[in-house]
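J.: Remember, the numbering used here sits 109 above the position in the sequence shown when you count from 1.
Careful: at least some of the hints might be erroneous.
Distance ranges between label pairs, derived from CB positions [to be verified]:
id, residue 1, residue 2, range
1, Ala365, Glu245, 29 to 39 Å
2, Glu279, Leu362, 16 to 26 Å
3, Glu279, Gly246, 20 to 30 Å
4, Thr283, Lys381, 40 to 50 Å
5, Asp153, Leu362, 22 to 32 Å
6, Glu279, Leu370, 46 to 56 Å
7, Phe198, Thr283, 19 to 29 Å
Please keep in mind that the hints were generated in silico from the structure rather than gathered at the bench. Just so we're clear, the structure is a prediction, and the values are computed from it rather than from any experiment. Where is the CB? At the ideal position from N, CA and C, for every residue including glycine.
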Amino acid sequence: MELTTLDYTVDGPIARVTMNRPAALNTMNKEFWPEIIEVFQAIDADPSIRVVIIASTGKHFTAGLDLGWAGSNSASTEPVDLGRARESFRRHVRTMQESFCIIDRCRVPVIAVVHGACIGGGVDLITACDIRIAAEGSYFTIQEVSIAIVADVGTLQRIPYLLPQGLIRELAYTGRRFPVEEARQYGFVNRVEASHDAALAAADAMAREIAAKSPLVITGIKNVLNAGRDQTIEQGLDYVALWNAGLLQGDDLPNAIRGQLSKTTPVFADLKA
Numbered sequence: 110m111e112l113t114t115l116d117y118t119v120d121g122p123i124a125r126v127t128m129n130r131p132a133a134l135n136t137m138n139k140e141f142w143p144e145i146i147e148v149f150q151a152i153d154a155d156p157s158i159r160v161v162i163i164a165s166t167g168k169h170f171t172a173g174l175d176l177g178w179a180g181s182n183s184a185s186t187e188p189v190d191l192g193r194a195r196e197s198f199r200r201h202v203r204t205m206q207e208s209f210c211i212i213d214r215c216r217v218p219v220i221a222v223v224h225g226a227c228i229g230g231g232v233d234l235i236t237a238c239d240i241r242i243a244a245e246g247s248y249f250t251i252q253e254v255s256i257a258i259v260a261d262v263g264t265l266q267r268i269p270y271l272l273p274q275g276l277i278r279e280l281a282y283t284g285r286r287f288p289v290e291e292a293r294q295y296g297f298v299n300r301v302e303a304s305h306d307a308a309l310a311a312a313d314a315m316a317r318e319i320a321a322k323s324p325l326v327i328t329g330i331k332n333v334l335n336a337g338r339d340q341t342i343e344q345g346l347d348y349v350a351l352w353n354a355g356l357l358q359g360d361d362l363p364n365a366i367r368g369q370l371s372k373t374t375p376v377f378a379d380l381k382a
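With the sequences and hints as input, model every part of the structure.
T.: Following this line, the structure appears as structure tokens:
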């Protein structure tokens with residue numbers, strides 16, 4: 110695939126997705142949104158991939174939406190029926206939302222590695238990930254309020270599962286910086302490392318640990334956790350019972366038990382394409 114805003118590589122069971130527009134602070138331009146979908150479609154189609162690491166380049170993780178592109182996109186002077194124009198814009202926003210929904214739905218865990226600033230759309234992106242590792246000195250900003258936008262690409266829908274309501278409302282109403290030290294106190298990030306390189310190394314070690322587990326079980330855990338956001342406890346219990354009843358039929362369970370009893374590391378087959 111030809112990519113202009115991202116680098117995509119596969120290292121054994123680990124896929125690495127790296128935002129690569131450092132001179133533009135990795136802002137999310139017109140090309141970014143379809144490219145992230147294309148990359149995650151490729152990930153979902155590759156049964157050898159067991160974990161994804163999303164990282165970035167340059168001084169900051171991302172400054173969020175490319176305001177130059179966003180401004181030009183909304184500045185059309187072509188006469189058009191207002192209702193049709195607004196319906197077209199609704200579809201445009203839904204397309205952008207899909208760029209992060211596909212990360213949320215990804216069948217394997219996704220680890221975000223944040224350094225520097227993570228602003229606006231960057232918060233939308235990392236809240237769609239399973240795990241967040243950050244470098245010291247990094248910070249997060251729900252910036253949309255400062256440019257008169259209600260954040261509309263996923264932050265307000267996903268962050269309530271990660272932070273307390275009062276804090277969310279403060280951050281969303283004020284647009285203030287949420288420094289990584291404060292974020293760690295609330296569990297928004299899984300860990301904080303001394304540098305960007307150290308954060309990448311920590312993500313790599315975690316990814317390899319996850320990749321060594323049964324991929325069938327890992328995708329089951331993610332599926333059950335995601336489904337549970339929209340279910341009562343009773344519905345969630347029934348769902349996981351049905352999941353395990355359907356999928357605990359193969360070789361992974363006895364393979365894992367043998368490994369535990371013999372103190373050896375089991376090797377699990379990839380999922381089927």
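J.: Each hint should be assessed against the structure and marked as holding or not.
T.: Comparing the hints with the structure gives:
no.	hint	result
1	Ala365 <-> Glu245: 29 to 39 Å	holds, 37 Å
2	Glu279 <-> Leu362: 16 to 26 Å	violated, 46 Å
3	Glu279 <-> Gly246: 20 to 30 Å	holds, 22 Å
4	Thr283 <-> Lys381: 40 to 50 Å	holds, 48 Å
5	Asp153 <-> Leu362: 22 to 32 Å	holds, 24 Å
6	Glu279 <-> Leu370: 46 to 56 Å	holds, 51 Å
7	Phe198 <-> Thr283: 19 to 29 Å	holds, 27 Å
The structure fails to meet hint 2 from the earlier list, while all remaining hints are met.
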